[in-house]
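Residue numbers (my numbering), protein chains in the order written: chain P, 4 to 116; chain V, 699 to 813.
No lab work stands behind these hints: they were computed from the structure. You may find that some hints are simply not true.
Stated by the list, open to error - Restraint ranges, calculated between C-beta atoms of paired labels, are given here: (1) P/Asn56 to V/Ser701: 29 to 37 Å; (2) V/Ser726 to P/Ala84: 31 to 39 Å; (3) P/Ser25 to V/Leu744: 16 to 24 Å; (4) P/Ala64 to V/Pro777: 41 to 49 Å.
Said to hold, decoys possible - In the DSS-like style, the derived pairs of lysine-lysine whose C-alpha atoms are separated by at most 30 Å in a straight line are: (5) V/Lys805 to V/Lys767; (6) P/Lys60 to V/Lys805; (7) V/Lys747 to P/Lys60; (8) V/Lys766 to V/Lys756; (9) P/Lys12 to V/Lys805; (10) V/Lys747 to V/Lys766; (11) V/Lys805 to P/Lys17; (12) P/Lys12 to V/Lys747; (13) V/Lys747 to P/Lys74; (14) V/Lys767 to V/Lys747; (15) V/Lys805 to P/Lys86; (16) P/Lys60 to P/Lys12.
Even for Gly, the Cβ is constructed at its ideal location relative to N, Cα and C.
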Amino acid sequence: DGGITQSPKYLFRKEGQNVTLSCEQNLNHDAMYWYRQDPGQGLRLIYYSQIVNDFQKGDIAEGYSVSREKKESFPLTVTSAQKNPTAFYLCASSRGVTGTEAFFGQGTRLTVV
Amino acid sequence: AQSVTQLGSHVSVSEGALVLLRCNYSSSVPPYLFWYVQYPNQGLQLLLKYTTGATLVKGINGFEAEFKKSETSFHLTKPSAHMSDAAEYFCAVSDTGGGADGLTFGKGTHLIIQP
Numbered sequence: 004d005g006g007i008t009q010s011p012k013y014l015f016r017k018e019g020q021n022v023t024l025s026c027e028q029n030l031n032h033d034a035m036y037w038y039r040q041d042p043g044q045g046l047r048l049i050y051y052s053q054i055v056n057d058f059q060k061g062d063i064a065e066g067y068s069v070s071r072e073k074k075e076s077f078p079l080t081v082t083s084a085q086k087n088p089t090a091f092y093l094c095a096s097s098r099g100v101t102g103t104e105a106f107f108g109q110g111t112r113l114t115v116v
Numbered sequence: 699a700q701s702v703t704q705l706g707s708h709v710s711v712s713e714g715a716l717v718l719l720r721c722n723y724s725s726s727v728p729p730y731l732f733w734y735v736q737y738p739n740q741g742l743q744l745l746l747k748y749t750t751g752a753t754l755v756k757g758i759n760g761f762e763a764e765f766k767k768s769e770t771s772f773h774l775t776k777p778s779a780h781m782s783d784a785a786e787y788f789c790a791v792s793d794t795g796g797g798a799d800g801l802t803f804g805k806g807t808h809l810i811i812q813p
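This is chain P alone, in the form it adopts within the complex:
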């Protein structure tokens, strides 16, 4: 089955530690995205990538980093510089063509203690 896999589903980290969230897709999509979801805030775009080895900052990129070394993979690192990292993180992909929808993974809930 084609889809997007995020792992792990739940992640706990101590304050000050970097943590990397995994996102893999087998849909052969060119574009991939990371969103952050907080209660009552909707989804906010962190980073997106249209092609391999290229990515752009979204609306709330500070404290996050990404890489896109392979078409299928778009890992997100939450660094210690992110002041409020506890949130639900969603990865998505699309064909990157105008009017096409995004497909989402099941999300990773990150809790920093």
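Chain V: place on chain P using the hints.
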């Protein structure tokens, strides 16, 4: 810049009643519009989308939405609510300038179904 406003963070309806979730958008170019549904601790699933053509769009699970350009609206409806419809619903917009820079989402509406 584009934006999406969903009126009502929580909407409560009785089982069997009409569901109406409101979405208004602003966009400097003709938009593409989407409705997604999210169940607790899950990702988002596409309900329906409007790109071009017919302004009344039918989606999954009996939902439909109508694009009204004059009102800059894309409200989601379902004639008869079912308990399984209880979820969070998100309206999203993408402008026609390009599809790869992500969707802009509204803040979501939590749909509550009363038995």
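Hints and how they fare:
| no. | hint | result |
| --- | --- | --- |
| 1 | P/Asn56 to V/Ser701: 29 to 37 Å | holds (31 Å) |
| 2 | V/Ser726 to P/Ala84: 31 to 39 Å | holds (33 Å) |
| 3 | P/Ser25 to V/Leu744: 16 to 24 Å | holds (23 Å) |
| 4 | P/Ala64 to V/Pro777: 41 to 49 Å | holds (42 Å) |
| 5 | V/Lys805 to V/Lys767 | holds (21 Å) |
| 6 | P/Lys60 to V/Lys805 | holds (21 Å) |
| 7 | V/Lys747 to P/Lys60 | holds (26 Å) |
| 8 | V/Lys766 to V/Lys756 | holds (15 Å) |
| 9 | P/Lys12 to V/Lys805 | holds (23 Å) |
| 10 | V/Lys747 to V/Lys766 | holds (14 Å) |
| 11 | V/Lys805 to P/Lys17 | holds (29 Å) |
| 12 | P/Lys12 to V/Lys747 | holds (28 Å) |
| 13 | V/Lys747 to P/Lys74 | holds (26 Å) |
| 14 | V/Lys767 to V/Lys747 | holds (15 Å) |
| 15 | V/Lys805 to P/Lys86 | holds (22 Å) |
| 16 | P/Lys60 to P/Lys12 | holds (24 Å) |
In summary, this structure violates none of the numbered hints.
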